[in-house]
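Quick one: dock chain against chain with the hints and give me the complex.
Sequences listed follow chains A and B, in order. The letter at position 46 of the first sequence is residue 45 when you use numbering that gives the first Met the number 0, and the numbering goes up by one with no holes. The letter at position 47 of the second sequence is residue 46 when you use numbering that gives the first Met the number 0, and the numbering goes up by one with no holes.
Treat the hints with caution; some may be incorrect.
Here are the simulated lysine-lysine pairs, DSS-like style, with alpha carbons at most 30 Å apart [unchecked claim]: (1) Lys-180(B) - Lys-45(A); (2) Lys-60(A) - Lys-180(B); (3) Lys-50(B) - Lys-102(B); (4) Lys-27(A) - Lys-102(B); (5) Lys-22(A) - Lys-180(B); (6) Lys-3(A) - Lys-37(A); (7) Lys-55(A) - Lys-69(B); (8) Lys-22(A) - Lys-73(B); (9) Lys-27(A) - Lys-37(A); (10) Lys-33(B) - Lys-72(B); (11) Lys-103(B) - Lys-69(B); (12) Lys-37(A) - Lys-73(B); (13) Lys-55(A) - Lys-33(B); (14) Lys-45(A) - Lys-60(A); (15) Lys-180(B) - Lys-55(A); (16) Lys-180(B) - Lys-44(A); (17) Lys-180(B) - Lys-3(A); (18) Lys-73(B) - Lys-95(B); (19) Lys-103(B) - Lys-33(B); (20) Lys-72(B) - Lys-55(A); (21) Lys-33(B) - Lys-3(A); (22) Lys-55(A) - Lys-44(A); (23) Lys-73(B) - Lys-55(A); (24) Lys-103(B) - Lys-72(B); (25) Lys-60(A) - Lys-27(A); (26) Lys-95(B) - Lys-72(B); (27) Lys-27(A) - Lys-45(A); (28) Lys-55(A) - Lys-45(A); (29) Lys-27(A) - Lys-44(A); (30) Lys-3(A) - Lys-27(A); (31) Lys-22(A) - Lys-60(A).
These are computed hints drawn from the structure, not numbers from a lab. It should be emphasised that the depicted structure is a prediction, and the values quoted were computed from it without experimental measurement.
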Amino acid sequence: MKTKGKHVVPRQRGGWAVKTAGKTRAGKVFESQADAVKYARDAAKKTHGELYVHGKDGTIKERRSYGIDPFPPRDKK
Amino acid sequence: MAFDQNVFVNCPFDEPFYPLLRPLLFTIIYLGLKPRIATERIDSGEARIAKIVELIQESKYAIHDLSRIKATKKGEVFRLNMPFELGIDVGCRLFKGGEHEQKKCLILVGERYKYQAAISDLSNSDVANHQNIPEDVVVEVRNWLSSTCGLGADGASRIWDSFNVFMGDNYDALTARGFSKRDIERLPVPELLESMESWVDENV
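The shape of chain B in the complex, shown without the other chains (with noise of 0.2 Å):
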C-alpha cells in the first residue's frame, strides 16, 4: 500500500465510538485513500504495539480522535492510547526522516479547546470539533483530506448521503447472508472496511 495513499486512524474500538467510526471510515474510502487502522487485521499474536508503529509508519496522513480520552464517571480512568499514538506519530515525522518529514495528521475532538487544556502542547495545532455528530465527522475528514491532499472532493452532503445509501446496500447484503441487526451493528471492522470498498468501487 502507498504511503502517501495511506490515512492513519487513531481512535477508540469500542462499540459506543462505532456511530463515528463508520462515517470516518467510509469518508477516506470515497475520496480514493487508504484507512490503515489497528483493528484492520485480528492477529492475537501480534504485538499491539507493534502493529501501530508499522501502521503509523507505512501512513502520511493520520486523523487522531481525541474524543473519548475522559473518564466518565467517578473512578473510572481516563484513556491515554489516543495521545500516546498521536505522541508516537509526531515523534516519527520529526525523526524518522525521509519522507515521513511530510506527515500530516489532523485531531479530532468532540468539544472544542476541552483537550487543548489537558494537552496544551496541541495549542497550535489543527484541531476540528465534530461534535459526536456523525454527519460533522464526515464534513470535519472530508474538509480535512481535500485540502492537504488537494483532491477537489464531492461535497460533504453527497458523500454523507452516498454513506447512508451504503449502509441500507450493507444492511441488505448482510441481512441475506443471516445477520441480526445487532450483527451488522457490531459489524467486525475488517468486513466493514471490506464491503466499504467494494461498494465505493462499484458506485462512485
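With the rest of the complex left out, here is chain A (with noise of 0.2 Å):
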C-alpha cells in the first residue's frame, strides 16, 4: 500500500504541513490550508502522483490523482 503521494495535514498547533508518505522527515509548514494545498498540487503534478487533503481528525477530504492514466480515453471514430 506504499505511495508516494502528497499529503496536506492540520497542524493543531497552526499551520498545515505538506507531507511526502514514505519519507520520515517533517514536510513543509504552510500558515494557510490554500497555501499548503497549492504548493503540495505543484508537486504532486511533477511527480504524477496522487494529492490527499485531511480533515482535522485525519479523514480524507479531497483526493486527485495526478499519475499517468494507463487506460487513457481513445477519440471514436
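Set out below in C-alpha cells:
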C-alpha cells in the first residue's frame, strides 16, 4: 500500500503541513490551507503522484490523482 | 497475546467518538503495542462484561477515556460504563495479585479537572487532557506509553503525520474495494485494527 502521495495535514498548534508519504522528515508547513494545497498540488503534478487533503481528524476531504492514466480515453471514429 | 504488550482501551463506541478513537488505536499500534478493545471481535453470543473482564486481566496497560461521560442534553442520562470499567481495572491491579500488580493506566479527559469533581477519588491519578482534539490524543497517548514502557518513541508529530498517510492509503485500498466515503468513516473496529497493523508492519 505504499504511495509517494502528497498529504496536506492539519497542525493543531497552527498551520498545515505537506507530508510526502514514505519520507520520515517532517514536511513544509504553511499558515493557510490554501497555500499548502497549492504547494502539494504542484508537487504532485510534477511527480505524477496523488494529492490528499485531510480534515482535522485525519479523514480524507479531497483526493486527486495526477498519475499517468494507463487506460486513457480513446477518440471514437 | 503477551500481557506486557496489551493495552486495554476503555472508551465510547459510538460514531461521534471515532475521530478520537482512530488516532488513539493507531498510536498504540505504531508504538509496537497491542490495543485490546471490547469491539475487537463481534460475537453477539458473548457476554460483554465477561469479555471486558478478560481483556482487563490480559492487559498490563490501560487507557480510560472519560471525556464523554457527561449527559449532553436535558433528560439524557450520564454514561457510567467508562468509570465502571476503570473501577474494574483498578480493582484487578489491587486485588488479583501476581503480574497484575504491575498494571498501569492513563485516564484521558476532554476538559481538565471537570471529571475529578465528579470522581474525586481520581485526584491523585495521572489524568491527561486531549481537549477532544485528535492530534492531542496522539500526543498524550504517545507521551504516556513512551515514558511508562520506556520506549524512546518517535515524536508525536511524526506519528500524527504517519496516521494521516495511513488514512490516505486505507482510503485508496477501501475505495478500490467498493467502499463509499461514509462506509470508510464507519469502518468496523476489527477491520480498522487489521488495516492499521498491516500498514504499520509495512511502513514503520
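Right, here's what the structure says about each hint:
With a C-alpha separation of about 27 Å, the suggested pairing of Lys-180(B) with Lys-45(A) holds against the 30 Å cut-off. Distance restraint check for Lys-60(A) and Lys-180(B): the Cα-Cα separation of roughly 10 Å lies within the 30 Å cut-off, and the hinted pair is therefore satisfied. Straight-line distance between C-alpha atoms of Lys-50(B) and Lys-102(B) comes to about 18 Å, which keeps the hinted pair within the 30 Å bound. Distance check on the hinted pair: Lys-27(A) and Lys-102(B) sit about 41 Å apart at the alpha-carbon level, beyond 30 Å; violated.
Note on Lys-22(A) and Lys-180(B): the hinted pairing holds, with a Cα-Cα distance of about 27 Å set against a maximum of 30 Å. With a C-alpha separation of about 17 Å, the suggested pairing of Lys-3(A) with Lys-37(A) holds against the 30 Å cut-off. Between the alpha carbons of Lys-55(A) and Lys-69(B) the distance comes to roughly 23 Å, so the proposed pair stays at or under 30 Å and holds. Annotation: proposed proximity of Lys-22(A) to Lys-73(B) is violated, straight-line Cα distance about 49 Å (limit 30 Å).
Between Lys-27(A) and Lys-37(A) the alpha-carbon distance is near 12 Å, which keeps this suggested pair within the 30 Å criterion. Taking the CA atoms of Lys-33(B) and Lys-72(B), the gap is about 35 Å. The hint is violated against a cut of 30 Å. Proximity of Lys-103(B) to Lys-69(B) is assessed by CA-CA distance (about 25 Å); at most 30 Å being required, the pair is judged to hold. This hinted pair does not check out: Lys-37(A) and Lys-73(B) have alpha carbons roughly 46 Å apart, beyond 30 Å.
Straight-line distance between C-alpha atoms of Lys-55(A) and Lys-33(B) comes to about 25 Å, which keeps the hinted pair within the 30 Å bound. Restraint check for Lys-45(A) and Lys-60(A): satisfied, since their Cα atoms lie roughly 22 Å apart, inside the 30 Å limit. For a cut-off of 30 Å, the pair hint linking Lys-180(B) to Lys-55(A) stands: about 16 Å separates their Cα positions. The straight-line distance between the Cα atoms of Lys-180(B) and Lys-44(A) is roughly 24 Å, inside the 30 Å bound, and the hint therefore holds.
Under the criterion of a C-alpha separation no larger than 30 Å, the hint pairing Lys-180(B) with Lys-3(A) is consistent with the structure, at around 22 Å. Of the pairs offered as hints, the one joining Lys-73(B) and Lys-95(B) is violated, with about 40 Å between alpha carbons and a cut-off of 30 Å exceeded. In summary, the hint linking Lys-103(B) to Lys-33(B) is supported, as the alpha carbons are separated by about 15 Å, within the 30 Å threshold. As the CA atoms of Lys-72(B) and Lys-55(A) are separated by approximately 25 Å, the hinted pair is consistent with the 30 Å bound.
A distance of roughly 28 Å separates the Cα atoms of Lys-33(B) and Lys-3(A); the hinted pair therefore holds under the 30 Å criterion. Pair hint Lys-55(A) plus Lys-44(A) holds up; C-alpha atoms about 25 Å apart against a cutoff of 30 Å. Restraint check for Lys-73(B) and Lys-55(A): satisfied, since their Cα atoms lie roughly 29 Å apart, inside the 30 Å limit. In summary, the hint linking Lys-103(B) to Lys-72(B) is not supported, as the alpha carbons are separated by about 34 Å, beyond the 30 Å threshold.
Distance restraint check for Lys-60(A) and Lys-27(A): the Cα-Cα separation of roughly 20 Å lies within the 30 Å cut-off, and the hinted pair is therefore satisfied. Taken as a hint, the Lys-95(B) and Lys-72(B) pair is broken in the structure, with Cα atoms around 39 Å apart against an allowance of 30 Å. For a cut-off of 30 Å, the pair hint linking Lys-27(A) to Lys-45(A) stands: about 17 Å separates their Cα positions. The straight-line distance between the Cα atoms of Lys-55(A) and Lys-45(A) is roughly 27 Å, inside the 30 Å bound, and the hint therefore holds.
The suggested pairing of Lys-27(A) with Lys-44(A) holds, with an alpha-carbon distance near 17 Å, which does not exceed 30 Å. The straight-line distance between the Cα atoms of Lys-3(A) and Lys-27(A) is roughly 16 Å, inside the 30 Å bound, and the hint therefore holds. For the hint pairing Lys-22(A) with Lys-60(A), the CA-to-CA distance comes to about 22 Å; that is within 30 Å, so the pair holds.
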